[in-house]
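Colleague: Below are the chains, spelled out letter by letter.
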Amino acid sequence: MDSPLLYSAPSGLVQIARADDKSAPRELIPSRPLEAGEQYRFHFDMTKCIGCKCCVVACNEQNGNPADLNWRRVGEVEGGYYPLTQRHYLSMGCNHCIEPSCLIGCPVEAYTKDPATGVVVHSAEACIGCQYCTWNCSYGVPQYNPARGVVGKCDMCHNRLSDNMAPACVNACPEGAIAIEIVNIADWRRDYLSANAPGLPSADDSISTTRVTLPENLVPDLGRVDTNRVEPEHPHWPLVFMLVVTQLCVGAFIALWLLDAVGAGTDLKIAALASLALAGMSLGASTMHLGRPIHAWRAMRGLRRSWLSREVLTLSMFAGAAGVFAGLLFFGSPGFFAPGSSVPRLAAGLATALAGLAGITCSARIYIVRARPAWFSSYTVAEFFSTALLLGPAFVHMLDPRVPSAVLYASVAGGAAQLIAQAGKFLWLSQSEVFELRSSSLLLAGKLRALFVTRLAILVAAGIVIPMAATAPLLVSAAFAAAFAGELLGRYLFFVSVVPKNIAAGFSSARRAA
Amino acid sequence: MYENESRMKTMNWKRLIGLDNLAEDYKFARSESTGYTSAQKIPDRWVGTTCGYCSVGCGIEIGVKDGRAVSSRPLASHPVNRGKLCPKGLSEHYTIGAENRAKYPLLRKNGKLERVTWQEALTTMVERFRKTQSTYGPASLGVISTGQLVTEEFYTLGKLVQLGFGTNNYDGNTTLCMATAVSGYKLSFGSDGPPGNYEDMERADVVMLIGANLADNHPILCQYLEANRNKTLIVADPRVTKTAMMADLHLPLKPRSDLALINGIAHILIHFNLIDRDYIEKHTTGFAELEKFLEGYTPERVSQITGLSQEVIFKTAFLYGRAKAAFVGWTMGVNHSTIGTATVNAICNLALLTGQIGRAGAAPFSITGQCNAMGTREVGFTSGMPGYRKFDDPADRAEFAGLLGIEESSLPAKRGLAYPDIIEAAVAKKIRALWIIGTNPLVSWPNQGVLRHALSNLDFLVVQDGYHPTPTTELADLVLPAGIWGEKEGTYTNSERRVSKVNKAVEPPGEARTDFDIFLGIAEQLGCRDSLFPGWTGPEDAFNEWRRVSRGRLCDYSGISYDLLAREGAVQWPLTEGEVPKQASRLYSDGIFKTADGKAKLICADWAPFPEQAGNGYPFVLNTGRTVEHWHTRTKTREVPILERLSPRAWLEMNPRDAKRLGLRSHEAVDVVSRRGAVRGIELRLTEITAPGQVFMPFHFHETNVNEVTQSAFDPISREPNYKQCAVRVERSGVHA
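Chains L and X supply the protein sequences, listed in that same order.
Here numbering that gives the first Met the number 0 is used: the first sequence runs in plain steps of one and ends on residue 513.
Here numbering that gives the first Met the number 0 is used: the second sequence runs in plain steps of one and ends on residue 736.
Worth flagging that the hints you see were computed from the coordinates, not collected in a lab.
Mixed in with the good hints, there may be bad ones.
List of simulated lysine to aspartate or glutamate pairs, DMTMM-like, C-alpha gap at most 25 Å [to be verified]:
(1) X/LYS13 <-> L/GLU124
(2) X/LYS26 <-> L/GLU124
(3) X/LYS659 <-> L/ASP266
(4) L/LYS47 <-> X/GLU225
(5) X/LYS64 <-> L/ASP162
(6) X/LYS659 <-> L/ASP44
Use the sequences and the hints to build the structure in full.
Modeller: What follows is the structure in structure tokens.
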């Protein structure tokens with residue numbers, strides 16, 4: 000053929016610069032091997048992208064993904080005034096960060112940063128479907144596949160790259176807007192400014208390696224178009240239940256231990272056994288959150304890095320110590336101690352309390368992630384501990400009304416602390432200029448308003464007013480039940496009202512606003 | 000397909016506890032033809048063909064595995080798409096295996112569509128049509144076809160309708176699309192046929208796009224613009240489309256003021272002597288009249304009509320006038336109008352005045368819509384006879400009759416009713432039976448109320464389609480299930496006159512038959528198979544007759560054979576037998592046009608305001624258009640999960656300043672109301688893409704069909720509807736329920 004248009008064989012999948020193109024030949028994948036200290040990265044040229052979404056379709060086909068999972072997505076940013084309007088597109092896969100937050104959080108070490116290429120690779124085999132990575136990534140890159148029970152994400156088609164073939168998205172782009180480049184990691188750490196673009200979360204969170212070429216003369220108000228469509232997040236019911244109940248149990252066991260220690264306890268057995276049963280149930284139930292519950296045990300693997308692993312460890316230790324403590328309360332000390340000695344019991348109680356406090360701390364730390372700004376605050380710690388203080392003593396008090404009134408006051412103090420935490424958090428959210436924080440407050444004041452008001456009302460009534468006023472057992476029980484339900488509702492709101500960081504979305508490429 | 004299967008597997012206990020994570024479905028593999036990819040997408044074989052959506056005409060390969068289409072990829076060797084496809088092409092295999100493919104003939108009995116045999120279906124169809132025709136006259140049968148069949152099927156259908164059924168009330172949905180370009184070319188150049196080719200976009204130094212949003216509608220053509228580093232791109236569009244944003248100079252003119260702009264440019268070109276007087280002298284007629292006529296299009300007046308500053312109008316005119324090679328491309332912004340044909344003539348005037356035609360980079364060029372709209376324009380027997388022959392030209396009639404070996408008197412004396420007039424005739428009960436092939440007017444026809452009235456008047460409605468139910472098949476008395484793209488053989492001709500082979504990858508589902516087969520089956524039933532299609536067994540027989548019929552015509556296919564296409568890939572017409580295909584062919588390079596005197600006509604094309612201006616309770620001008628993810632009435636693309644995911648519903652674009660005045664917010668559900676109807680509950684998108692006073696809505700979605708509000712106003716020459724402007728009001732949904 001005498002065509003000046005040359006395309007490479009055999010697969011026709013790698014674009015070679017066209018012979019008659021006056022611009023420099025466009026290299027879409029690197030032509031030399033990586034050297035030490037280098038990794039691959041995406042380059043996205045916003046000046047070329049026309050928003051056709053070929054990359055999205057090609058990615059889904061390459062990876063055999065169902066339509067509702069998109070490892071590559073195209074967002075829109077818009078600004079200016081007619082007719083000087085600007086709309087640009089952001090095509091994003093994984094940014095193969097230098098400090099990948101998905102990897103750092105993963106409890107089962109399903110993520111690896113390939114030492115040769117720098118590609119952040121996820122193993123569907125190792126994954127247990129805890130979805131913690133989906134909360135950790137500021138770009139919404141890892142996506143949970145409910146059909147599989149595991150997460151998946153863009154791997155830069157590194158298996159194609161190693162065959163010297165372009166990734167599916169690169170290959171599909173009619174405009175040559177996506178390319179693979181080589182980046183020197185140390186240089187990029189020093190200056191990664193071009194990883195930022197309108198509509199993208201800050202690269203500070205994890206040092207994204209994707210380089211974005213921006214058009215010149217961008218209008219200052221260029222921004223995301225999806226700001227008016229903020230949807231409540233997934234509630235994660237098993238976690239709502241697990242968190243509130245474990246916090247209740249930690250609070251209850253600390254109360255029991257203190258009562259035992261000061262000898263103010265009457266009969267603590269029932270409360271201890273009930274708390275233990277609840278703790279066991281909630282930990283068991285929490286595996287229902289996993290895509291692959293059978294592999295829950297693997298969650299210990301990531302202790303070095305993952306707060307989720309640490310939570311599993313500390314809460315397991317708590318359950319174990321609580322079992323011993325409850326056993327000692329129930330059966331008395333075994334024979335090799337001096338009969339009736341309370342030392343082992345108090346030691347077991349102390350261990351239970353410490354493990355429990357550590358457990359709540361780890362739980363809270365899980366949620367303190369940059370990618371979810373409304374969680375990324377000490378309000379999360381305050382909320383979790385307040386739940387423990389509110390519900391634990393109240394539970395003990397309900398099961399044994401003869402306990403000293405200090406227990407009741409502790410619970411009321413927990414209720415008051417929770418009220419302050421909730422009010423403070425809402426104020427903080429609503430005063431914020433940050434899109435995600437402000438949107439969280441708008442959700443609470445908008446779509447979730449009735450639930451949020453109910454939650455606060457229950458807290459005041461069942462957590463503070465009724466316990467101070469009522470003594471009738473039925474009323475005490477009802478107040479506890481209501482306070483417990485209130486905390487569940489509060490935790491539900493905690494989950495659904497968070498607005499995660501993400502890349503700007505398209506206007507209609509998601510659920511319809513209600 | 001695969002997704003459903005995956006979901007079904009999710010329900011077993013192994014999956015629930017996490018022992019099974021469907022690793023088998025998601026495994027990867029390497030193959031020589033695909034590289035490393037999802038194993039389920041690696042086919043047993045690739046079938047090279049041409050994309051069945053738009054008329055860019057991309058080469059595509061369908062991956063077939065176990066008799067099913069599992070993947071699509073660009074045909075690397077194809078000259079048009081250069082190894083790329085748009086998102087629709089990349090997912091085109093999903094259209095084949097869709098659940099709602101029409102699989103069996105269905106006949107309405109006691110009000111319900113029931114499965115019948117092909118024999119009963121075709122016997123009933125022919126009996127009912129014949130009965131209607133014998134009662135109300137042969138012209139009481141109307142036929143509306145499409146731009147989606149292969150050329151061979153169009154040629155066969157044309158003969159079947161005009162010579163077999165003997166009705167000339169036959170038109171295609173191409174009248175909703177490219178009829179205006181056809182009419183304009185015919186008037187200016189004496190014949191249809193886009194003069195340039197895609198390469199011209201790469202070789203022009205000025206590219207002017209008028210009412211053409213290539214980035215959404217023909218994204219693959221953007222490659223040609225992207226490759227042309229030295230061009231100045233001018234885009235005239237009232238909306239700041241993706242394409243407008245690519246422009247060096249965007250002309251945000253008022254809706255439907257393009258004709259005034261073009262006349263204004265011509266005025267300036269003449270005034271500043273930026274015209275090619277030698278070319279005008281040798282190759283055109285009508286200059287003196289045009290020069291006088293254009294005196295009225297002063298920059299002051301044009302500025303007033305278009306809303307553009309005089310400075311911008313001058314700048315545009317000088318850019319065009321001083322270009323070494325200037326390309327003007329247009330699509331529906333021009334065609335969908337009551338003054339569309341006039342606008343095409345004005346565009347042709349520009350090219351003729353400056354001699355910007357028939358050279359590399361220089362062309363007035365209509366960028367066509369459907370994959371084979373060009374094929375039906377050339378071989379179709381609707382607004383003319385095959386080979387651009389005119390019904391009223393005695394020489395054409397004699398030649399064509401001779402080629403077919405039939406009496407000249409059996410050829411229709413004149414063109415029958417155009418699409419809008421068939422609908423009007425059904426309203427008037429003059430058309431009593433209708434056969435709709437491969438089109439979905441219940442979504443695409445403007446002012447749906449009139450259409451519903453028309454169809455309810457019919458005695459018998461046959462709908463032949465690849466899918467059922469569609470809004471149109473649901474109304475049919477008889478549904479004929481047709482094989483679609485990927486299931487049949489033939490050729491498509493694209494916008495740049497390039498003929499590309501279409502090949503069969505898989506069998507049609509159920510008892511569905513290719514349209515070609517169905518046409519021959521009907522001819523058999525009608526008793527005209529042997530006389531009209533003697534010895535025909537496959538589409539190649541039709542193609543070979545067409546080659547003979549087209550010989551010596553402008554659209555000469557005689558040198559194009561299936562063998563040649565297999566050997567050389569896609570080639571452009573004209574190609575006379577014995578000639579070697581050119582790399583890039585252009586019409587009128589010799590300056591000789593298909594008029595009686597061989598000269599092109601300069602036409603005085605006067606601007607007029609569009610028919611329904613905003614005001615009187617309908618303050619917005621509604622514009623309609625497309626989105627890159629969907630194709631036409633979405634019959635196919637709604638079956639493609641990834642396209643539905645990317646573009647799940649329609650929206651209404653409104654400028655935030657208007658919304659503020661109306662107290663409307665983004666994402667709110669609104670109603671769009673015109674004098675004719677309403678679209679309820681559409682999602683509002685506030686954006687500076689759309690000018691204050693205008694709103695925009697995509698037309699693909701039957702659930703929120705913009706054609707409930709568009710109007711019955713048509714170009715007097717091409718009969719194309721004025722989809723692009725009508726007056727509406729917008730109100731919050733539920734307020735005036």
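Colleague: Of all the hints given earlier, name the ones this structure violates by number, lowest first.
Modeller: 3 and 6
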